[in-house]
Amino acid sequence: MQEKLVIGHFYPDLLNLYGDRGNVLALMRRAQLRGIEVEVRRISIGDNVSNGDIDIGFIGGGQDCEQNIMADDMRNVKGEVIKQMIEDGVVFLTVCGGYQMLGRYYEEHDGKRIECLGALPHYTKGEKDRFINDTIYEIETDGQTVTVAGFENHSGRTYLGEGQKPFMKVIKGHGNNGEDGYEGTRYKNTFGTYSHGSLLPKNPVITDMLLSLALKRKYGEDYELPELSTETEDLARKQAIDYINGKEGKASQ
Amino acid sequence: MGLKAPAKAAAKITQGILRLMGRGATTLPGRVAISLCPDIIRKCAQGKKIITITGTNGKTTTTHMITSMLRSLGYEVITNVSGANLPSGIATTFLCEKPARGVTPDKIVYVLETDEAAFARIAKDLQPKICLVTNLFRDQLDRYGELTHTRDLIAKGIDETSARMVLNADDSLVASMGKTREGRATYFGLSLNTMLENNRLHPDNTILAASSDATFCPDCGVRYNYNATSFGHLGDFECPSCGFRTPDKRYELSYDASGNPSDEGFEFDMTDTGTGTTCSMTLKIAGSHNLYNTCAAVAAVTEFLKSENEGDEDKLFEQACRSQGSVEAAFGRMEKIAVGDKYICILLVKNPVGLDRSLSFVAQSSDADSLMLVLNSNAADGRDVSWIWDVDFESKAKDLPGNIYVSGQRYGDMMLRVAYSGRNIDGYGSLEYATTLLKCALSDCPAGKCIYILPNYTAMLDLRGRLVKELKLKDFWKD
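Residue numbers (this note's numbering), protein chains in the order written: chain A, 191 to 443; chain B, -14 to 464.
Just so you know, these hints were derived from the structure itself, not from any lab. Be careful, since some hints might not be right.
With a straight-line cut-off of 30 Å between C-alpha atoms, the simulated BS3-like cross-links for lysine-lysine are [claimed, not checked]:
{"id": "1", "chain 1": "A", "residue 1": "Lys437", "chain 2": "B", "residue 2": "Lys28"}
{"id": "2", "chain 1": "A", "residue 1": "Lys273", "chain 2": "A", "residue 2": "Lys406"}
{"id": "3", "chain 1": "B", "residue 1": "Lys381", "chain 2": "A", "residue 2": "Lys428"}
{"id": "4", "chain 1": "B", "residue 1": "Lys381", "chain 2": "A", "residue 2": "Lys194"}
{"id": "5", "chain 1": "B", "residue 1": "Lys457", "chain 2": "A", "residue 2": "Lys437"}
{"id": "6", "chain 1": "A", "residue 1": "Lys428", "chain 2": "B", "residue 2": "Lys383"}
{"id": "7", "chain 1": "B", "residue 1": "Lys114", "chain 2": "B", "residue 2": "Lys300"}
{"id": "8", "chain 1": "A", "residue 1": "Lys194", "chain 2": "B", "residue 2": "Lys454"}
{"id": "9", "chain 1": "B", "residue 1": "Lys383", "chain 2": "B", "residue 2": "Lys321"}
{"id": "10", "chain 1": "B", "residue 1": "Lys335", "chain 2": "A", "residue 2": "Lys437"}
{"id": "11", "chain 1": "A", "residue 1": "Lys362", "chain 2": "B", "residue 2": "Lys335"}
{"id": "12", "chain 1": "B", "residue 1": "Lys114", "chain 2": "B", "residue 2": "Lys164"}
{"id": "13", "chain 1": "B", "residue 1": "Lys335", "chain 2": "A", "residue 2": "Lys318"}
{"id": "14", "chain 1": "A", "residue 1": "Lys437", "chain 2": "B", "residue 2": "Lys424"}
{"id": "15", "chain 1": "B", "residue 1": "Lys83", "chain 2": "A", "residue 2": "Lys302"}
{"id": "16", "chain 1": "A", "residue 1": "Lys428", "chain 2": "B", "residue 2": "Lys335"}
{"id": "17", "chain 1": "B", "residue 1": "Lys109", "chain 2": "A", "residue 2": "Lys318"}
{"id": "18", "chain 1": "B", "residue 1": "Lys335", "chain 2": "B", "residue 2": "Lys300"}
{"id": "19", "chain 1": "B", "residue 1": "Lys28", "chain 2": "A", "residue 2": "Lys428"}
{"id": "20", "chain 1": "B", "residue 1": "Lys291", "chain 2": "B", "residue 2": "Lys83"}
{"id": "21", "chain 1": "B", "residue 1": "Lys141", "chain 2": "A", "residue 2": "Lys318"}
Excised from the complex, chain A in its bound form (with noise of 0.2 Å):
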């Protein structure tokens, strides 16, 4: 049998400020070398979707000009759609701007509320000093603790609401909003992060548990995701942590 995925990539022309692109390529990657055949849509301004057009959403994260136009549209035309693939188990990751927007609402920091999609119950407040810098956090999957490296650079605090669960647990770095100790959120299938880099190349451990979550919706709880080396992206993202941990790289001048 010839799987097919379908990525749906978000707003790709106003959203895509750190390396959003790179995600989707990660995912495209490690399942073309699967065997698994994969499809792009973009699904921006004058672009329709319909339940079920998609096995995985892609929504990333934009400049404040950009950012004002994409939500226009998601509050008013895609909105309603989004919020049911997401309870319908449809995979999401969600970067930034875009995991924002899933949340209540943003507040700016002169107190002036932004309405976002309300799809999920956390809240966003802005704050005047961002927060720029390497991450790493660690997260649970299968039993084992896993680490995983990236970049965060948000002025926005989240917090998240009564029950919501959080994705990954800080290390280093700020994650949600500097206070608790967490990063990003889940809830069903829909993932929601601060953590660029790009994410997910280095980081194939999250790759391969969004593509086997969309595999197993899409083709039975037991399909299993072909084994699939991660030595460059394991030796990636080592670098990258050893790097962050003043280890190694220091310039010569």
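Got chain A; can you put chain B on it based on the hints?
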């Protein structure tokens, strides 16, 4: 405030000490002078003929081109050294660079590369005659933020001068600065026919579009319609809502799209649409992006000559075009350095579109034997290396040279980036191994062929030191 003289003296002393210490004295003297006399730039700039060059990409190359062109036209040109484009570097240039003895003041021109954010602060003090804006591409995002904000900063600076604006018509963000300033703006860019022909001959073969900015009209929030594109967000655009479109170009570059602008000696035409004059020219610094830089330089020099002379406009344009023949490659910008019978060529890449253009250039270069990518993440580079994923390596991967090496503080990230484009890596390692990798590349390199090195900013500085120390190359980096 009678502090100009002591400030100048302090700057000269600082420069002397730094030179004795063997350091390039390109910014510190100016910093000392500014601290002693905060309006030193205004005082120095008073009454001088100044051309500023700003924008995210191509500043240094275009500044270098304009400098050579004006020199060959008999002007005494004073210019800042590459990269010293903040107020401190500009103050240093005023204080420490001297015109030759006996030059009459009306023959002296200051050609100043100016950082985008710094421009807003010092345009009023400089009062330039000509402000050239090359383009606005996403840069180090942890430093500047919004591109529209950068545009507004530049526009604010321009509004505090009476300068003539020379703007890239194909860049919607740059061109939009002329919207409310029509009488002062002149535009340059590629001819629509050239772009159309280029798009027809080289159709987009990307599997995943490169991330691009400014494809939406910031005023209307509506996607531009593009009749044709050149690279990044540059092209012939029109907003279907407000009707804002690529302005008519006074200076237009056209070429045979079946040719290869990565070849040395590539031929093209420049047309002054105002007078209908066309000049045949030869590209002096290879690379398709340097067509834009050349076009910008010709536009700026012609506008400068017009501000100086009453003469026939077509003659002044021809003079500017002819003067472009004097341009030579500058180090770090396409200059090939001989190592025995082989070459290395360093192309500084600072941001996604810069890397995209350099990869394209290397992919099209017939003498490329190896590619070496060197990625650092110090503050001056931007600490976030995510941007390497915004670049479309995928469509170029099969045309890149046979051997690819990777180094720098973030060699792991770059190695994975290359691997994900489907190419194998022949060697990688941290900066300590950069010259070892380079030696390895050189030993495999056939005579006459070239190793192209693409470092970002601090990686280039680091590499420069290592090439001198460990490869015993002479210090070719002349400030």
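So if I understand the rule, the pair passes when the alpha-carbon distance is 30 Å or less; does Lys428 (chain A) with Lys383 (chain B) pass? holds (28 Å)
Taken at face value, is the distance from the CA of Lys318 (chain A) to the CA of Lys141 (chain B) at most 30 Å? holds (23 Å)
Hey, Lys114 (chain B) versus Lys300 (chain B), does the alpha-carbon distance stay inside 30 Å? Holds, at roughly 20 Å.
Checking one constraint from the list: CA of Lys114 (chain B) to CA of Lys164 (chain B), max 30 Å. Satisfied? Measuring from Cα to Cα gives roughly 20 Å; hence the hint holds.
Verify the proposed pairing of Lys109 (chain B) with Lys318 (chain A), using a straight-line Cα cut of 30 Å. Holds. Lys109 (chain B) to Lys318 (chain A) sits at ~29 Å (cutoff 30 Å).
Tell me if the straight-line CA distance from Lys28 (chain B) to Lys428 (chain A) falls inside 30 Å. violated (53 Å)
Checking one constraint from the list: CA of Lys437 (chain A) to CA of Lys424 (chain B), max 30 Å. Satisfied? holds (26 Å)
Are the Cα positions of Lys335 (chain B) and Lys437 (chain A) separated by 30 Å at most? holds (25 Å)
Need the status of pair Lys335 (chain B), Lys300 (chain B): alpha-carbon distance at most 30 Å? Violated - the C-alpha atoms of Lys300 (chain B) and Lys335 (chain B) are around 38 Å apart, more than 30 Å.
When you check the alpha-carbon spacing of Lys291 (chain B) and Lys83 (chain B), does it fall within 30 Å? Measuring from Cα to Cα gives roughly 26 Å; hence the hint holds.
With a cut-off of 30 Å on the C-alpha distance, tell me whether Lys83 (chain B) and Lys302 (chain A) pass. Violated - the C-alpha atoms of Lys302 (chain A) and Lys83 (chain B) are around 54 Å apart, more than 30 Å.
Under the criterion that the straight-line Cα-Cα distance not exceed 30 Å, is the pair Lys383 (chain B), Lys321 (chain B) satisfied? holds (24 Å)
In the structure shown, a violation is registered for the earlier hints numbered 1, 8, 15, 18 and 19, in ascending order.
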